[in-house]
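Undergrad: From first to last, the protein sequence lines are chains A and B. Position one of the first sequence corresponds to residue 262 (the numbering used here), numbered consecutively onward. Position one of the second sequence corresponds to residue 262 (the numbering used here), numbered consecutively onward.
Simulated from the structure, these hints should not be mistaken for laboratory data. Yeah, the Cβ is synthetic: ideal placement off N, Cα and C, and Gly gets one too. Hints should not be assumed to be uniformly reliable.
As the list claims (entries may be wrong) - Here chain A is said to cover these stretches of chain B; the calculated rule only asks that three of the stretch's residues, wherever they fall, bring their Cβ under 8 Å from a Cβ of chain A:
1. 386-396
2. 423-433
3. 501-513
2 protein chains.
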Amino acid sequence: MDQRPIGVFDSGLGGLTAVRQLRRIMPHEHIIYFGDTARVPYGNRGRETLLKYARQDVRFLRSFDLKAILIACGTVSTNCLEELRAENDIPILGVVEPAVERAAALTRNRRVGVVATRASIGSGAYARTFAGLRPDLQVTSLACPLFVPLVEEGRFRVGDVVIETVAEDYLSQLRTAGVDTLVMGCTHYPLLEGVIAKTMGPAVSLVDVGAEAAAALKNLLADRDGLTGDAEGSAAYYTSDRAADFQRLASLFLGEDVSGRVSAIDITRY
Amino acid sequence: MDQRPIGVFDSGLGGLTAVRQLRRIMPHEHIIYFGDTARVPYGNRGRETLLKYARQDVRFLRSFDLKAILIACGTVSTNCLEELRAENDIPILGVVEPAVERAAALTRNRRVGVVATRASIGSGAYARTFAGLRPDLQVTSLACPLFVPLVEEGRFRVGDVVIETVAEDYLSQLRTAGVDTLVMGCTHYPLLEGVIAKTMGPAVSLVDVGAEAAAALKNLLADRDGLTGDAEGSAAYYTSDRAADFQRLASLFLGEDVSGRVSAIDITRY
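Construct the complete structure from the given sequences, taking the supplied hints into account.
TA: Here it is, written out as structure tokens:
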């Protein structure tokens, strides 16, 4: 049994979809979330910048005595996971490996698609991880840079011509490629599940990276007797920009009100 | 006569539309441009964060011996201009005042609209500047947070259902308000001129903040005999992220190739 909290970070608020899954499957855990809203989005940045930001995010989270860290940012998971693991003595999970394992288990025709930010796709991490685990799969990767801003402006619902047109323009080539499984490789994308499902059709299985990472973390903690007890869990939220702005989107991603549980910090000090 | 260069900065690449205007009307000047692509966008950030970023941008530019600085970022112009002027002994121009003066001169029905990022509108700077100059005008301000990412992904052309739907949803209330003049309060927006003109109709005059700021800077330099001579001008470009990425969008905003003239710097050192 380990009462220490779990740290979770993302470039912004999308990672709250992973927190939602964590709280759903591990309601007794304590969670510290950091969203780097002052520097969001990470998706189009260079690797050196990403690594600097990710190290600061981890240093801030480790100012708490944590038992594990979940990187709820696809871009950091694909670009910085090895460095962060080498530099830290607690388990660090990214969102790539659990999602790749799940997609590999789901596909029947061995054609898998991945959609994510430009940096996640450009890093080649999904393609490499698939190649290492299941070289027999044909993987089609696609950057969808407009998905995050459209979600954040509330344009994620089925029937909205803007998101449906953008989704069709991005995803039609995945239909052409004949994928039967699609990894939604960014924690913003669960909100687009309806639009993506409609665009891809009912025969395509969708993999939510946040949900798979939460499940993998639960397995990892359970294996080492690292889960907490039966007392009520908790969550505290930190942001690098205005706490008030955090709340505008938090309820969207998290499905619960976070009023009074959000604090602003200066991430450049870490 | 003053041979020193002019400094120009923006959160990213949109400010290059102002550089384009500067080079068009003052082809003999030397220009140093900094685009803070590692921290773009500024539009949705809090004021403390903005002020910190703007001070670093100015400190980097002033590592050159400049005669003036043009803030080609609407968000910084609306949130940080007073502080930057108080802290620096060279002229600093923002994009708000010149555009407001131009709009006030153009309107006939005294109803003016302003579109910009969330932070620019939220600062109230356009409304305050109009009120100080022409309290008789009725000003309708509107945040359009999706315009920048859509422009950057190439969705700015007339006939694109995505940008036209987003523009219609944003701008219909300005038509209802009966404005005859519209300030495009962000340096990305000149690329949307066709879409905005189509949405607003031919009776509405559009004001390009970058073009107005460039004209105001030329007047200011001419008044103090601060223009350079007749030799060929030049431009050098600095970015806080990958120089290669800079070039992807630079030609779009600037209308010329910048290969070999872009350098990456670490803005957090300033």
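Undergrad: The structure should be examined with respect to each hint, and the outcome stated for every one.
TA: To see whether the hints hold, each was checked on the structure:
1. 386-396: Violated: only 0 residues of the stretch 386-396 of chain B have a Cβ under 8 Å from chain A.
2. 423-433: Held - the stretch 423-433 of chain B has 3 residues with a Cβ nearer than 8 Å to chain A, which meets the minimum of three.
3. 501-513: holds (count 4)
Of the numbered hints given earlier, the model fails hint 1 alone.
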